[in-house]
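Make a model of the complete structure from these sequences and hints.
Chains A and B supply the protein sequences, listed in that same order.
Under the numbering used here, the first residue of the first sequence carries the number 1, and numbering increases by one thereafter.
Under the numbering used here, the first residue of the second sequence carries the number 1, and numbering increases by one thereafter.
A couple of the hints might just be wrong.
Copies of the same chain look alike in the list, so a pair counts if it works inside one copy or between any two.
Heads up, simulated BS3-like pairs for lysine-lysine below, C-alpha to C-alpha not over 27 angstroms straight-line [stated by the list, open to error]:
1. Lys197 <-> Lys289
2. Lys9 <-> Lys137
3. Lys229 <-> Lys14
4. Lys229 <-> Lys323
5. Lys164 <-> Lys137
6. Lys13 <-> Lys137
7. Lys238 <-> Lys289
Everything labelled a hint here was simulated from the structure, so no lab data went into it.
2 protein chains.
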Amino acid sequence: MNNKENIKKIIIKKPLTLDCGRTINNYPLAYETYGKLNEKKDNAILAFHALSGDQFVSGTNPITNKSGWWSYLVGPNKAIDTNKFFVICANVIGGCMGSYGPSNTDPTTNNPFGTNFPVITINDMVNAQYNLLEFFKIDKLFCLTGGSMGGMQVLQFVANFPNKTKTAIPIACSASHSAQNIALNELGRQAIMADQKWDKGNYLSTSSSPDKGLAVARMAAHITYLSKKGLQEKFGRKLQKRDDLKFSFDADFQIESYLRHQGSVFVDRFDANSYLYITRAMDYFDLTKQYNGNLSNAFKDSKAKFLIISFTSDWLYPTSENKEIVIALNSSGADVGFLEINSDKGHDSFLLDVPDFLKSIKSFLEANY
Amino acid sequence: MNNKENIKKIIIKKPLTLDCGRTINNYPLAYETYGKLNEKKDNAILAFHALSGDQFVSGTNPITNKSGWWSYLVGPNKAIDTNKFFVICANVIGGCMGSYGPSNTDPTTNNPFGTNFPVITINDMVNAQYNLLEFFKIDKLFCLTGGSMGGMQVLQFVANFPNKTKTAIPIACSASHSAQNIALNELGRQAIMADQKWDKGNYLSTSSSPDKGLAVARMAAHITYLSKKGLQEKFGRKLQKRDDLKFSFDADFQIESYLRHQGSVFVDRFDANSYLYITRAMDYFDLTKQYNGNLSNAFKDSKAKFLIISFTSDWLYPTSENKEIVIALNSSGADVGFLEINSDKGHDSFLLDVPDFLKSIKSFLEANY
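Right, here's the structure in full:
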């Protein structure tokens with residue numbers, strides 16, 4: 001990871017009391033924008049990234065030199081047309097792409113925070129990002145959107161600031177993290193913590209880092225982003241550059257080689273402690289509990305128009321969990337549309353070239369602008 | 001792990017040429033039996049264990065002091081009634097409960113084999129276990145059965161020795177390991193290999209062992225054994241002995257505590273290298289490929305009566321993969337029944353008290369004896 005000094009940041013001076021009770025202030029929030037804010041300031045879309053994402057939504061990510069995570073969706077003439085809309089995305093607090101996170105210096109020790117960084121929540125993330133509206137002098141956003149953890153942030157933002165957006169598109173998410181998803185995140189955390197080099201989170205003070213543990217966590221997560229059918233069609237039992245099994249523990253199968261690659265490239269761009277903090281925030285997310293068991297109360301003060309999107313083969317945030325959001329919205333009297341998009345690409349569908357998905361987003365935005 | 005000197009073993013003198021090309025002989029095969037072999041020797045059931053199982057099917061496992069893995073199924077008056085049937089189960093080669101495996105001494109180095117142990121296959125496992133018939137002087141088994149990897153062994157045994165069983169019950173398995181299942185096994189292997197203490201498999205020559213890596217592998221596997229719905233119903237978002245979230249990385253949720261426990265108890269009874277070898281054997285399993293792409297040819301010489309069983313919430317070996325076996329058996333002209341049992345307990349259903357499952361096994365065995 002390098003060139004991070006060129007990342008755009010605002011320093012949030014206003015104190016923010018976190019759910020854990022600690023108060024932070026003068027903390028950095030890294031962000032990126034696409035398109036232009038119009039004079040009426042009514043064309044802004046706040047996009048929220050998922051666990052492993054960052055503020056570099058489209059174009060080339062200057063840190064990784066890869067395409068932004070939503071390049072299929074965001075850009076000139078794309079589903080979220082940056083000739084028309086002004087897209088803002090910030091790195092979540094707890095993250096590792098310039099926003100306040102466990103790699104920052106703890107003023108009480110002058111060392112990186114590590115696990116002394118406060119455990120943050122989705123609520124804390126959106127409260128921090130709310131400051132972007134003031135920074136850009138935007139009174140009301142046109143749209144909030146994001147998939148996976150990004151979708152959770154959409155829901156939390158609407159609940160916290162009901163009059164600050166005209167529309168909202170939470171995608172492939174849940175109002176309350178399921179036991180299976182907590183289990184899968186815990187698996188990732190345990191993989192990181194099992195790595196001796198994690199050193200209770202203090203590795204940033206040394207020259208090593210828990211790359212092996214983080215790679216295993218990423219492999220675990222990556223399997224959950226794809227569907228069984230999608231994996232079978234893409235990889236099946238194809239061998240990796242060999243005619244037959246080698247009777248060894250090398251990567252005989254393409255799927256093994258692919259997973260190892262996913263693990264190894266991830267450690268170059270992501271911080272292990274941030275992985276712990278962000279997965280923890282996801283696990284803690286329970287909007288229903290925040291509203292005393294009645295999710296519809298989370299939305300009762302909002303006049304926003306909603307579009308909820310799920311994908312048929314997404315087993316991480318299945319349609320059933322997205323429908324619970326639809327039911328709560330209906331019961332709150334909200335204006336809500338729901339689409340279950342056919343796709344074999346699993347949870348990852350929200351990041352990929354799934355034409356029905358892209359068309360749905362485009363037509364919803366244009367019909368409501 | 002202790003008291004292993006009391007484990008029953010036979011030493012197989014006959015050379016066995018493994019799929020990898022290496023030949024083994026004078027190797028130990030550890031086994032256990034339940035019930036009595038009758039005079040006609042026509043009441044023997046060979047049960048095959050799954051990845052983390054062993055020969056201790058029922059009663060109390062003398063090594064772990066826990067119940068045998070099929071205690072719900074096997075015993076006096078149970079579904080597999082040991083008042084009537086003689087149940088034999090052997091530890092697979094590659095395993096760690098007394099059969100020939102990577103913990104055995106490599107005669108060329110006088111150290112434990114570690115990763116110098118040959119990579120074995122499901123075919124090798126059943127060829128080794130075939131020697132049990134000679135040992136017990138059984139000409140024909142009454143039944144072959146097992147779930148998961150045990151079911152794969154049933155299929156392979158029938159293919160290799162078509163006239164050696166009257167009936168066969170493969171449960172919750174597949175004729176060819178899917179890409180997703182290879183991915184999940186590779187995840188477990190990478191977790192073990194990421195542990196510095198694994199030391200390229202040489203840890204048995206030292207005083208340490210890759211417990212953390214093996215625990216992570218077990219946690220990953222355990223998640224796949226349960227269904228999303230089952231996890232939600234059993235654990236949901238229940239907290240572990242606390243009133244509220246602790247804003248830390250301790251086990252806040254019961255599901256986290258449960259997984260950590262599953263990981264930590266597993267390392268006391270299982271060998272990390274065996275985990276590598278056995279998962280590799282599962283991934284290599286492709287009975288369809290063995291029969292040149294026509295699975296029905298695997299069964300064409302068998303006169304056995306089959307019962308195939310799958311479980312509705314099993315996403316590891318879903319009904320669709322079990323049905324492929326049924327289709328191949330039908331096309332080979334076999335006598336085959338198929339049951340999909342309703343259960344929320346996921347892949348683990350084959351080990352649990354699922355009444356319809358137990359009844360089905362019992363009635364099939366009694367009707368055909």
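Verification of the hints:
1. Lys197 <-> Lys289: Answer is neither; intra-copy 37 angstroms and inter-copy 42 angstroms both fail.
2. Lys9 <-> Lys137: within (16 angstroms within a copy, 78 angstroms between copies)
3. Lys229 <-> Lys14: neither (48 angstroms within a copy, 43 angstroms between copies)
4. Lys229 <-> Lys323: both (23 angstroms within a copy, 16 angstroms between copies)
5. Lys164 <-> Lys137: This pair counts as within: shortest intra-copy Cα distance 12 angstroms, inter-copy 80 angstroms.
6. Lys13 <-> Lys137: Classified as within: same-chain Cα gap 16 angstroms, cross-chain 83 angstroms, threshold 27 angstroms.
7. Lys238 <-> Lys289: between (46 angstroms within a copy, 12 angstroms between copies)
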